[in-house]
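Number of protein chains: 2
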Amino acid sequence: MPELRKDPIVGRWVIVATERSKRPDNFSLVPVESMPEKPCPFCEGQESQTPNEIYAVRSPGTAKNSPGWQLRVVPSLTPFLRIEGELDRRGKGMYDLMNGIGAHEIVVETNQHIGNMADLSEEQIKRVITCYIERINDLEKDKRFKYVLVFKNYGWSAGGGRVRHARSQIIATPVNPKRVKEELVGAHRYYEYHERCIFCDLVKQEIQQKDRLIIDLDGFIAVVPFASRFPFEVWILPKRHSCDFVNINEEERVNLAKMLKQVLQRIKVGLNDPPYNYIIHTAPFRRAKLGYWKTINEDYHWHIEITPRLTRVAGFEWGTGFYICPVAPEAAAKFLREITVT
Amino acid sequence: MPELRKDPIVGRWVIVATERSKRPDNFSLVPVESMPEKPCPFCEGQESQTPNEIYAVRSPGTAKNSPGWQLRVVPSLTPFLRIEGELDRRGKGMYDLMNGIGAHEIVVETNQHIGNMADLSEEQIKRVITCYIERINDLEKDKRFKYVLVFKNYGWSAGGGRVRHARSQIIATPVNPKRVKEELVGAHRYYEYHERCIFCDLVKQEIQQKDRLIIDLDGFIAVVPFASRFPFEVWILPKRHSCDFVNINEEERVNLAKMLKQVLQRIKVGLNDPPYNYIIHTAPFRRAKLGYWKTINEDYHWHIEITPRLTRVAGFEWGTGFYICPVAPEAAAKFLREITVT
Numbered sequence: 000m001p002e003l004r005k006d007p008i009v010g011r012w013v014i015v016a017t018e019r020s021k022r023p024d025n026f027s028l029v030p031v032e033s034m035p036e037k038p039c040p041f042c043e044g045q046e047s048q049t050p051n052e053i054y055a056v057r058s059p060g061t062a063k064n065s066p067g068w069q070l071r072v073v074p075s076l077t078p079f080l081r082i083e084g085e086l087d088r089r090g091k092g093m094y095d096l097m098n099g100i101g102a103h104e105i106v107v108e109t110n111q112h113i114g115n116m117a118d119l120s121e122e123q124i125k126r127v128i129t130c131y132i133e134r135i136n137d138l139e140k141d142k143r144f145k146y147v148l149v150f151k152n153y154g155w156s157a158g159g160g161r162v163r164h165a166r167s168q169i170i171a172t173p174v175n176p177k178r179v180k181e182e183l184v185g186a187h188r189y190y191e192y193h194e195r196c197i198f199c200d201l202v203k204q205e206i207q208q209k210d211r212l213i214i215d216l217d218g219f220i221a222v223v224p225f226a227s228r229f230p231f232e233v234w235i236l237p238k239r240h241s242c243d244f245v246n247i248n249e250e251e252r253v254n255l256a257k258m259l260k261q262v263l264q265r266i267k268v269g270l271n272d273p274p275y276n277y278i279i280h281t282a283p284f285r286r287a288k289l290g291y292w293k294t295i296n297e298d299y300h301w302h303i304e305i306t307p308r309l310t311r312v313a314g315f316e317w318g319t320g321f322y323i324c325p326v327a328p329e330a331a332a333k334f335l336r337e338i339t340v341t
Numbered sequence: 000m001p002e003l004r005k006d007p008i009v010g011r012w013v014i015v016a017t018e019r020s021k022r023p024d025n026f027s028l029v030p031v032e033s034m035p036e037k038p039c040p041f042c043e044g045q046e047s048q049t050p051n052e053i054y055a056v057r058s059p060g061t062a063k064n065s066p067g068w069q070l071r072v073v074p075s076l077t078p079f080l081r082i083e084g085e086l087d088r089r090g091k092g093m094y095d096l097m098n099g100i101g102a103h104e105i106v107v108e109t110n111q112h113i114g115n116m117a118d119l120s121e122e123q124i125k126r127v128i129t130c131y132i133e134r135i136n137d138l139e140k141d142k143r144f145k146y147v148l149v150f151k152n153y154g155w156s157a158g159g160g161r162v163r164h165a166r167s168q169i170i171a172t173p174v175n176p177k178r179v180k181e182e183l184v185g186a187h188r189y190y191e192y193h194e195r196c197i198f199c200d201l202v203k204q205e206i207q208q209k210d211r212l213i214i215d216l217d218g219f220i221a222v223v224p225f226a227s228r229f230p231f232e233v234w235i236l237p238k239r240h241s242c243d244f245v246n247i248n249e250e251e252r253v254n255l256a257k258m259l260k261q262v263l264q265r266i267k268v269g270l271n272d273p274p275y276n277y278i279i280h281t282a283p284f285r286r287a288k289l290g291y292w293k294t295i296n297e298d299y300h301w302h303i304e305i306t307p308r309l310t311r312v313a314g315f316e317w318g319t320g321f322y323i324c325p326v327a328p329e330a331a332a333k334f335l336r337e338i339t340v341t
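Respectively, the protein sequence lines represent chains A and B.
The letter at position 12 of the first sequence is residue 11 when you use numbering that gives the first Met the number 0, and the numbering goes up by one with no holes.
The letter at position 45 of the second sequence is residue 44 when you use numbering that gives the first Met the number 0, and the numbering goes up by one with no holes.
Chain A on its own, in the form it takes in the complex:
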């Protein structure tokens, strides 16, 4: 019997079609490598192919926009939003709009031509995490911005383009994305009723129940969510309550890097190096104004959502208006738990 499961945070019902469950090798996976590659503008020595760097981790004595770096942040070559200008909020009859002001930056995670973050060292991944934090803190100073989305598109069908060089994207926006608001509202509703953080409760239940737990390590857990939208969806949550990703300390950065590498390696090895996305979910800036979000420090909890893109099966929601997950979360967790990575 398939199940209808409700996401406890945003209240979304998902069909978990356990009987349709397929083993990963039954999916028609499109490996990342299947699209012809384009010349890489992100390798060391190709600095002239990108706009001037915004941030870099460099060897002492090397000049900006020249070789000698380990990580670099540059403006997007094809930005979704523009940094210069006024918001100019306005109406057009019944419609509301504003100028597409924002920042769109690319974090080049390594000077080497490595495609999957799973193949970076823990030290390199930690450097990426620190970079995210420093960029978010810097972008917060711009009073026009309300939110910074940090995400990764790996592989062609995850929107990652045809350059296989590990990178993530940072978008600062003058509005709070709808999915951020929904999470905040849902977490607040739970807090009002229970006077507890819903994510802290989730972490406890998953550790106790074990059947959706993949890894429990050094202050973080990786789980397949109860009401997964996508097969092999994975959430990484910190055990220590905090609504702000930017507040994690040095030790937590080390441990998060270790956890990210573990999870991404298992996805790579177990699911044939699939395309994937991840998004860091963290509280918005300037929340003093957010009304019922006054308790956000207590009721929201930052985390990372990782979604492998297994061709076709991920597209159900498009057609149906309903998320349909063809792999039981417990089966996905068991599968990922049993993968051995080095």
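Treat the hints as calculated values from the structure; they're not laboratory data.
Don't take each hint at face value.
So, partial list: chain B residues that the calculated Cβ filter (under 10 Å) puts toward chain A [claimed, not checked]:
#1 R4
#2 I53
#3 P325
Straight line, CA to CA, 30 Å or less: simulated DSBU-like cross-link-like pairs of lysine-lysine [unchecked claim]:
#4 B/K91 with A/K209
#5 A/K238 with A/K145
#6 A/K177 with B/K37
#7 A/K145 with B/K177
Pulled from the structure, derived: some chain A residues nowhere near chain B, Cβ distances all over 10 Å [claimed, not checked]:
#8 G44
#9 N115
#10 V162
#11 K209
#12 F284
#13 R285
From the three backbone atoms N, C-alpha and C, an ideal C-beta is built for every residue, glycine too.
Since chain A is already given, all that's left is putting chain B on it; use the hints.
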């Protein structure tokens, strides 16, 4: 300058990246034909390949589950939900779930092996519309169901499988899908403020403003929505206010069939026969219980949303948590307006 546009109904901000605008031939389109076909279980003469029919339009004197039909509805071979059983709503710690009770039916739109609904006659399309209405009315009698989703997945990357035989899907669910609730809530909020239906206002503004209007014909309009999530997204709206798709009369069925064929033909001809989805948005059943949805007859307005699936560009939201539409809605409308179809 890109624009941030707000969907007036659900309040979703969308980045309309007008500067990234591409002509349709710049997309890496994956034509529907590119995947090898499977043997067709939906053609006349193959009735034994499907479960017993639930509904059919047949020539007089022909027997059920035998040739002689023009349209057939059968249970899905791979149902997302099961018709037999109790809902058994229950909790599992902090989580809520219920059995996956529901109906999942396939509307086989023609006895001939034609893939795209665009290539059916207006009469055939009208027969499909009538069938939707009769099936919704029948499913409403089952007290376990709250909503019936009617949708179409055409082509491999729209979730349409590898059989090129025109069909749509009907799913009856015991819960109201989140996106339905969001629309109802948004439409209600507008109604409370303006005492007018937001969709009626939208129809008027689009007819007057003209730049997103594709077709205005016999009581229906086809427009590219102001805050499109996807390139070349099209909405078909009736001018006559009604919250219920099932209440359209005989003449409206004829006119809707004409409009659907027009729109689907333009998408096929203009965009190289792309995969697409459509979903009929209509009010839920048993709404007496819905609290603040008491004014639903006045404030909600049924319509159809059609989304071509142009490879890659449609996946932005996955990665970013934000819908990014790489084609300006006005450019998409102009393009589709100027396509000549016979």
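Next on the checklist: Interface hint check: B/P325, Cβ to nearest Cβ on chain A, cutoff 10 Å. Holds or violated?
Outcome noted: holds, 9 Å
Item to check | B/K91 paired with A/K209 [C-alpha distance capped at 30 Å] | outcome: holds, 13 Å
Checklist entry - With d taken as the least Cβ-Cβ distance between A/G44 and chain B, does d exceed 10 Å? => result holds, 28 Å
Item to check | Beyond 10 Å from each Cβ of chain B, as asserted for A/K209 | outcome: Consistent with the label, A/K209 stays out of reach of chain B, its closest Cβ about 12 Å off (over 10 Å).
Checklist entry - Holds or violated: is there a CB of chain A closer than 10 Å to the CB of B/R4? => result holds, 5 Å
Checklist entry - Does the alpha-carbon distance linking A/K238 and A/K145 stay inside the 30 Å limit? => result holds, 26 Å
Checklist entry - Since A/R285 was said not to touch the interface, does its Cβ keep a gap of more than 10 Å from each Cβ of chain B? => result Non-interface label on A/R285 holds, nearest chain B Cβ at 16 Å vs cutoff 10 Å.
Item to check | Satisfaction of the B/I53 interface hint, Cβ to chain A closer than 10 Å | outcome: violated, 19 Å
Next on the checklist: Minimum C-beta separation from A/F284 to chain B exceeding 10 Å: can you confirm that?
Outcome noted: holds, 16 Å
Checklist entry - Between A/K177 and B/K37, is the straight-line Cα distance small enough, at 30 Å or below? => result violated, 40 Å
Next on the checklist: So if I understand the rule, the pair passes when the alpha-carbon distance is 30 Å or less; does A/K145 with B/K177 pass?
Outcome noted: holds, 25 Å
Checklist entry - Is it the case that A/V162 keeps its Cβ farther than 10 Å from each residue Cβ in chain B? => result Per Cβ check, A/V162 is outside 10 Å of chain B; nearest 14 Å; holds.
The earlier numbered hints that this structure contradicts are 2, 6.
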